[in-house]
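Kindly produce the complete structure, drawing on both the sequences and the hints.
Line by line, the protein sequences give chains A and B.
Numbering follows the working numbering, with no gaps: position 2 of the first sequence is 1049.
Numbering follows the working numbering, with no gaps: position 92 of the second sequence is 1139.
Since the hints were derived computationally from the structure, they do not count as laboratory data.
Bear in mind that the values here come from a model prediction, so they are computed numbers and not experimental data.
Check before you lean on any hint, since a few could be wrong.
For each label pair, taking beta carbons as the anchor points, the in silico distance ranges come out as [as the list claims (entries may be wrong)]: (1) S1103(A) <-> A1090(B): 30 to 38 Å; (2) R1209(A) <-> D1117(B): 43 to 51 Å; (3) A1149(B) <-> P1155(A): 27 to 35 Å; (4) K1106(B) <-> E1154(A): 24 to 32 Å; (5) T1193(B) <-> A1149(A): 24 to 32 Å; (6) S1103(B) <-> G1112(A): 24 to 32 Å; (7) T1206(B) <-> D1152(A): 41 to 49 Å; (8) K1198(A) <-> E1170(B): 27 to 35 Å; (9) K1106(B) <-> A1173(A): 34 to 42 Å; (10) S1103(A) <-> A1203(B): 33 to 41 Å; (11) D1152(A) <-> P1155(B): 40 to 48 Å; (12) A1202(B) <-> D1192(A): 42 to 50 Å; (13) A1162(A) <-> D1118(B): 35 to 43 Å.
Glycine included, each C-beta is placed from N, C-alpha and C at the ideal position.
2 protein chains.
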Amino acid sequence: MDPSPRSGCAINAAVEVLGDPWSLIVLRDIMFGNRRHFRELIAHSEEGIATNILASRLKQLVAAGLLSRDDARRGQRVTYSLTEAGIQVLPIMVALGNWGLAHRDGEPRLRVRAALLRDGGPELVAAMMDELRELHLGIPRPDPDTPRPSKQLQAAYQTAMRDATGGLSDGDS
Amino acid sequence: MDPSPRSGCAINAAVEVLGDPWSLIVLRDIMFGNRRHFRELIAHSEEGIATNILASRLKQLVAAGLLSRDDARRGQRVTYSLTEAGIQVLPIMVALGNWGLAHRDGEPRLRVRAALLRDGGPELVAAMMDELRELHLGIPRPDPDTPRPSKQLQAAYQTAMRDATGGLSDGDS
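See the structure below:
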């Protein structure tokens, strides 16, 4: 786990794990892009993360208990999964996205999902956490018949991409 | 303002300003401790921030539009105030505090306010943002007759201090 925290404050405790730009970006890509492997995280990085930074942040996030690492057998790729503590970072991501939407410009293509999460309110965030538990922890969703929030976010993203490019997109990101 | 962002993502935009442990800690102390001057921020720092780090973070937060700096006349101290964009960081602080409360241990004395904000829900957060607007921007609160959330947080803090020390405390922090 972590070394001794700088103080016993709850905000500081979170900041010591999450107060790093690349750690949050890596968690975002695992959470919203379902990128579970090192090479995917590198290849699709919008911010162009460097391999040594990615390697160090994955290691830190595993040590801090936000990710688990499925050690690969010979010839297989290592898979990273969110832990429950990692999944509970989602409300922080939503709060960060809300702030970015309100106070910074950006690309519509990359803002559409943040806007959906803002407008969906606590219910959508809770449903998305349930979907992440299904995907990363194998815990069935409480309402398996409801549509997965990721589908809704993906559809909104693809519509925005079509509007932006006038054509088709692979929808990955 | 900022240099060109690494991507047009709303979460990234927030992370580029706030994805730094000390920036968040400085904002927290201004927000919750109403420390508006350099020397107060140094003297009462729970995490022992260094003077050069504090100076650089205050500068960055002003440049990013989260703080405004009231340039002192000769012999007067510079006062820092939250801007509206800075005040709107409060929900991110609350989300960070919620995570820290759930996933890390800490000192009861320093956790009591995070717990109150968690349990008060969106209404308490909104009321506290109104109080920050009054304090930092001079905008009267919409309901001036309701008690100030800071009083409630302060009272809870002092009760926790008494419980922890069995005596009196100055209540500052």
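Tested hints:
no.: 1; hint: S1103(A) <-> A1090(B): 30 to 38 Å; result: 34 Å, holds
no.: 2; hint: R1209(A) <-> D1117(B): 43 to 51 Å; result: 48 Å, holds
no.: 3; hint: A1149(B) <-> P1155(A): 27 to 35 Å; result: 34 Å, holds
no.: 4; hint: K1106(B) <-> E1154(A): 24 to 32 Å; result: 28 Å, holds
no.: 5; hint: T1193(B) <-> A1149(A): 24 to 32 Å; result: 25 Å, holds
no.: 6; hint: S1103(B) <-> G1112(A): 24 to 32 Å; result: 30 Å, holds
no.: 7; hint: T1206(B) <-> D1152(A): 41 to 49 Å; result: 45 Å, holds
no.: 8; hint: K1198(A) <-> E1170(B): 27 to 35 Å; result: 32 Å, holds
no.: 9; hint: K1106(B) <-> A1173(A): 34 to 42 Å; result: 39 Å, holds
no.: 10; hint: S1103(A) <-> A1203(B): 33 to 41 Å; result: 39 Å, holds
no.: 11; hint: D1152(A) <-> P1155(B): 40 to 48 Å; result: 42 Å, holds
no.: 12; hint: A1202(B) <-> D1192(A): 42 to 50 Å; result: 47 Å, holds
no.: 13; hint: A1162(A) <-> D1118(B): 35 to 43 Å; result: 37 Å, holds
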